[in-house]
Amino acid sequence: MNEFFNQYFDFTVMFDHFDEVLDGFLKNLMVFVVAAVLALIWGLILALTRQLPGKKFMPLRGVTIAYIDVFRAVPILIVILLISGSLPFLDFLPKSIRIPQWFGQPDPYWYGVMALTLVYGAYMAEVYRAGIEAVPEGQVEAARSLGMSHGQAMRHVVVPQAVTKIPAPMLNELISLLKDTTLVGVIALGEAVLIGREIQSETFNSSAYILAGVMFLVITLPMARLVDYLIKRNRGKITRGSHIEVA
Amino acid sequence: MAEPMVRLQGICKRFGELEVLKGVDVDIAKGEVVCILGPSGSGKSTLLRCVNLLEPPEQGEIYIEGRDICKGPGSGTGEQSWELDFVRQRVGIVFQQFNLFPHKTALENVTLAQETVLGRSKQEARAKATELLERVGLGDRLNQYPETLSGGQQQRVAIARALAMDPHVMLFDEVTSALDPELVKEVLDVMRELAEEGMTMIVVTHEIGFAREVADRVVFMDGGVIVEQGPPAEVLESPREERTQKFLGLVLDH
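Residue numbers (the working numbering), protein chains in the order written: chain A, 9 to 255; chain B, 221 to 474.
Computed cross-link-like contacts, DSSO-like style, restricted to lysine-lysine with a CA-CA straight-line distance of at most 30 Å:
no.: 1; chain 1: A; residue 1: Lys240; chain 2: A; residue 2: Lys173
no.: 2; chain 1: B; residue 1: Lys348; chain 2: B; residue 2: Lys324
no.: 3; chain 1: B; residue 1: Lys348; chain 2: B; residue 2: Lys250
no.: 4; chain 1: B; residue 1: Lys342; chain 2: A; residue 2: Lys173
no.: 5; chain 1: B; residue 1: Lys242; chain 2: A; residue 2: Lys63
no.: 6; chain 1: B; residue 1: Lys324; chain 2: A; residue 2: Lys240
no.: 7; chain 1: A; residue 1: Lys187; chain 2: A; residue 2: Lys173
no.: 8; chain 1: B; residue 1: Lys324; chain 2: B; residue 2: Lys405
no.: 9; chain 1: B; residue 1: Lys324; chain 2: B; residue 2: Lys342
no.: 10; chain 1: B; residue 1: Lys405; chain 2: B; residue 2: Lys466
no.: 11; chain 1: A; residue 1: Lys173; chain 2: B; residue 2: Lys324
no.: 12; chain 1: B; residue 1: Lys466; chain 2: B; residue 2: Lys242
It is worth saying that the hints were derived from the structure and are not from the lab.
Excised from the complex, chain A in its bound form (with noise of 0.2 Å):
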């Protein structure tokens, strides 16, 4: 039993290696950030994308729903791998794009926050999609009858009240993305878990990836603990508003 604490609980090994697991936890952070913010206007685009109406459009949904239902179904290692396994050898494009290095971040960081983006941008597109259909039909046909086009409807009307009800679903979102910036490692980016294995693989310990799922832990706990807040609190205007209704 003691050999179980000295594995997954020594100490010694958590403080002399926490610089490094903060230092790997950090770029976790910036990867996270990144995508996180690109990944939300991706989703936007291709769930408003999803919504235009007409024929001339078909083709152009049709598109959107495709990547929607792929990127959602393709393991995320699979879409990190092909980005940097091969985005540098393709020659017609420029070198800043194939081998990305902006704002002094290594191109590892960079294929990471694309896989990322485009895997999270999907799954962000849904929650959007959820969205936006839960608003009244009523809404957008008071829009269009007052004249607003589709899109002045979508902008003034619809994604503004389509926003205020998916923060939690959005938050699951972005817990799932955290955790999963550490799938970049694989591409040595050196993230918290990577640094964890170059320690563990030290050490013959495996008390630096406690480590750096505690650090994880600080930031996801409480996020989950705010959606469950928000669903509470979404939960008593649903109420409140159905209240207002009947009176």
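Dock chain B against the given chain A, drawing on the hints supplied.
Relative to chain A, chain B alone:
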């Protein structure tokens, strides 16, 4: 006779298997107030929603101020064949469920489309909105959100919102049906005033009293067709058709 404001000819509409409108013809003159009565499922709301193309008819023609607004539904491609801009700038509609924008104040509800659709400046739109909200008796509620207003107040904001677009025709789709009884009058009063000012109005309603008092003409619909129409005194007091008599008997019993 002058050109009718709205002319509906042979309007047919089906939802899947269900044939909701089976060839409706009706003309509405400028300044005329027409109340459409009928049991639920008679097609009266659908007919109203055809006029501003919320429910484009499958067959038939709609003319607004003499202009054919649905040039052969079968001929065009989707929305392109409908003259949506022309219609929506001339026809205002008020819904049973108000459909106010919940994230906007009363004032913003009335200014939004003025700015985005008509391109009015912020000041212009605000001035117009304030004037209209005062007219419907809500001058002191400009900055309140819909959820803080009563149903009757919300519906009056909705009327002001439609009027802000300077419509030539106003459609009212059972606008008092979702209201508590004591709030019905304040909405009907606004509509009555509007009628007195000469607005062309098509009103789908269950308010027989309002129809009797305000309408120039009452149209009774059942089963997707117009059963009977004429001056309110005639249709409401001495209906010729059995279906009208039966419906009025049921409604007026209360």
